[in-house]
Structures are given as C-alpha cells and as structure tokens.
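Trainee: Chain by chain, the residues run as shown.
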Amino acid sequence: MGNRATTDIRDITRIAVFAAILAVLGIPAAIPVFGGAVPITAQTLGVMLAGAILGSWRGAAAVAVFEVLVLVGLPLLSGGRGGIAVFAGPSVGYLIGWIVGAFVIGVIARAGNRPPTWWRTMLGCFVGGIVIVYAIGIPFQSLITGLPLAKTALFSAVFVPGDIVKVVVATIVTLALWRAYPRAFDRGARAAVDLRVAPHEPVVQAERAAAPE
Amino acid sequence: MIGLYQPGTSLLHRTPAGVKVLVFAALTLAIALTAGGVWTLPAAGCLTAALYLLAGLGIRPLLRQLCAARWIVLVMLVTQVIFLPVLVALTNTGRVLIVIVLAALITLTTRIPALLDATERALAPFRRFGVNPAAIGLLLALTITAIPVIGGFATAIREAQRARGAPVRLQTFVVPLLVMSLKHSDELADALTARGIE
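Chains as they are written, first to last, in our numbering: chain Y, 1 to 213; chain E, 1 to 198.
If you're looking for bench data, these hints aren't it; they were derived computationally from the structure. Idealized CB from N, CA, C, for every residue including glycine. Hints are not guaranteed to be accurate.
One side of the interface only, derived from the structure: several residues of chain Y facing chain E at Cβ under 10 Å [said to hold, decoys possible]: (1) 13; (2) 15; (3) 42; (4) 49; (5) 72; (6) 74; (7) 79; (8) 86; (9) 87; (10) 145; (11) 155; (12) 176; (13) 181.
The whole structure should be built from the sequences, with the hints applied where relevant.
Mentor: So, in structure tokens, the structure goes:
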C-alpha cells in the first residue's frame, strides 16, 4: 500500500497527468469503441484505469482533482458539461462514487503493489467501477429526483451492460500497458529513490523478482 | 479552453465565491424542504430569473442553461411519469431544474481562479489529515496546463494512425496515449525536481 505521508513530486505529476487524461477522454469522439457501435462515456473507463494503474489513493486523487476542475467551471465532463450545476443535479452521487470507486479499484487490483493480473484487475474494476459507483450514485439520484430507490435502481440498470464492456476494456488496456510501460505502475516514492541511487533499473527488476507473489 | 464564465460588473459578479456558494446551498435546502408547497416552485423560478437579470446576463444565458438541462429533464420526466402521479413528477423535475439553473449562475458569474482559491480555502481544515493546500494548488495548476498537452498527444496518435491507414481501435489508441502521458508525467517531475520543487 502507498504510504500517503510521503507525497512525492512524481506522485503529484502522475495525479495531475491522469486528471488531464480524464479530461481528454471526455472530448467527443476521442475514443471510438468497436467501430463506434457501443456508445461509451470514456470517462468511466478513465476512472477504472486511474485506480488500476495509479493504485488506490493516487487514483482517487486523480479523479478528485478532475472533479474539482469541473466544479470550478471547466467544461470537462463528457458533453462539455461543467460547473457547480453538475454537482447540484441527479448525477452527483455517481461523481462521488467515481472517487471512492477508483480507490477501491486500486485496493483490489494493486494490493501490496503487486504487478497487475487480469483477474485481479477485472474484479477490482467490477467492484469499484460498477458496484461502488452505483451503490453511491443510486441513493443520491433517488434522493434528488424523489423517485423511490428501487425504481431508480431499475432505470440505472440500463447502463450496466455498457459498464461491463468498460471493465473488460479497462482490463485489456491495463495489462497491455503493463507489457508496454511497466514503469507506469511503479510507486512514485520508489521511482524517485531509484533516480538518486544509480543504477536503478536492475534494482527494480531484482526487487520485482524477489517480491513474494 | 473556454470556461463558462460571463464577464460582468453586477452585484453577483462582485460577491465573493464562498458567499455565493453558501447562499446557493441555503436556497437549495429551502427549496428541497418546502417543495410540497404550491407556491415554492413558482417563487423559486421567479427568484432564479430575477437573479439572472440582476447579474446583467439577460434571458439568453438563462434559456441556454435550460436548454443544457434538457436531457436531465427528459429522462426525469419519462422515468417519473411511469411510477408517480403526473403532478408529483412535474414538481420533482421542476425542483431539480431550478436548482441546476441556479447553480449554473455561480459558475457564470465567478472567475475560475476565484473558485479555485475558494476551493483551496475550503480544503484548509483538512490540513490536519495530511492534506497540504500548497501541494493541491500546484496539482490543480499542473493539471490545467497538462490538459492541452495530453489533448495534443491524442490528436497526434489519431493522425499517425490515420496516416498509416490503420483502423482506429480502442486499444491502439488508449495504450499509446497512456504511455506518452505517463512518460510526460515523469519528465515533468524531473523538470520540477531540477527547479527545486519536491
């Protein structure tokens, strides 16, 4: 688990860059999925990736930073939405759920800072990205719209199939990134220490090899 | 990037961001608590329209905000009419619509830096839980500057794939975007460290 007391500059830039990725994923037609056949708000995918790649608290921080920028009025949510109005509407619970969800994804997918495995990532994205998000989003929606809880849940279920596709996509992307750029998964503090104590790359690999599965 | 702020010199523009948010919260609570009353929604609607006029924004931005909320209104009406009496469905939808349009007024009359400052001040009490307000300020500023950079990466990847005639698929788009972005993040960290920020 990340030690949150030692915030490293590398953590700060990772969080900032991932928050920016979430913003870019909200740009219309940024990501065509399966030839555009499946309508997907790529920002939920970004939330899953934030937790799975950055880990629990950095992933949650990236989502929170993104949402603060939306709150202060940057039109960054998909469809160019932004401002305090978004947080006064029925979807505020889902936005809160994104932050908690990213944290939970990190806890499950990156427990003990281990390399990602497909089943761990998929379980994390499912629990954090779907169960948690809906568990927080639906009660808020019900409270704000005045529609009873069970009926709100019934209508929200329409989006579950799309979210399951996102879980699969997030898992594929996370494992592809692990092969393409494993450094992305390094804990910030350790990466910074490596920078100071050369030679660093073999040390990381040795640590990784020695790490108990 | 275009924010939602509309310049002006009205009373609403001059009121501090924190005050506006608190007044908005109080109004929202009042509307929620008295939503059953016959006069609540018409009164709240008139108040909202009056505030838009007071802010010197006129009717056009108000209509634009109403238009922006059309999907929320549509989805709410359709789902509510199925299960609830028509009058209740209309009241619920009207209440949510008024609160959303009222909230948009804060965004329309407050500059983004003023709201960022207010956010930072609101987070100050969390200092005892290890939240460093200065780090948060740096974080927000870094993110705002990173958005055009990452957006540029996205454009470059799409253009490269189009030039090769490669079909644009999710994996061939997101993975390079993540690699480029996270490399950029490490370079950014090195640059900041070199300038004595740790």
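Trainee: The structure should be examined with respect to each hint, and the outcome stated for every one.
Mentor: To see whether the hints hold, each was checked on the structure:
For residue 13 (chain Y), the suggested interface contact is upheld, since its CB lies about 4 Å from the closest CB of chain E, less than 10 Å. Look at residue 15 (chain Y): its Cβ gets to within about 6 Å of chain E, closer than 10 Å, so that hint holds up. Because the closest C-beta pair between residue 42 (chain Y) and chain E is about 8 Å apart, less than 10 Å, the hint holds. Satisfaction of the interface hint for residue 49 (chain Y) is found here, the shortest Cβ-Cβ separation to chain E being roughly 7 Å, below the 10 Å cut-off.
Interface restraint check for residue 72 (chain Y): the shortest CB-CB distance to chain E comes to about 4 Å, inside 10 Å, so the restraint holds. Contact between residue 74 (chain Y) and chain E, as hinted, is supported at the beta carbon level, the nearest pair being about 6 Å apart and thus within 10 Å. The interface hint given for residue 79 (chain Y) holds, since its Cβ lies 9 Å from the closest Cβ of chain E, which is under the 10 Å cut-off. The beta carbon of residue 86 (chain Y) is positioned within 10 Å of a beta carbon in chain E (closest approach about 8 Å), and the interface hint is therefore held.
The beta carbon of residue 87 (chain Y) is positioned within 10 Å of a beta carbon in chain E (closest approach about 7 Å), and the interface hint is therefore held. Interface hint at residue 145 (chain Y): satisfied, since its Cβ lies 6 Å from the closest Cβ of chain E, which is below the 10 Å cut-off. Evaluation of the residue 155 (chain Y) hint against chain E yields a held restraint, the C-beta minimum of about 5 Å falling below 10 Å. Against a cut-off of 10 Å between C-beta atoms, the interface hint on residue 176 (chain Y) holds, since the closest Cβ of chain E lies about 5 Å away.
Given the 10 Å rule on beta carbons, the hint for residue 181 (chain Y) holds: about 5 Å separates it from the nearest Cβ of chain E.
The structure meets every hint from the earlier list without exception.
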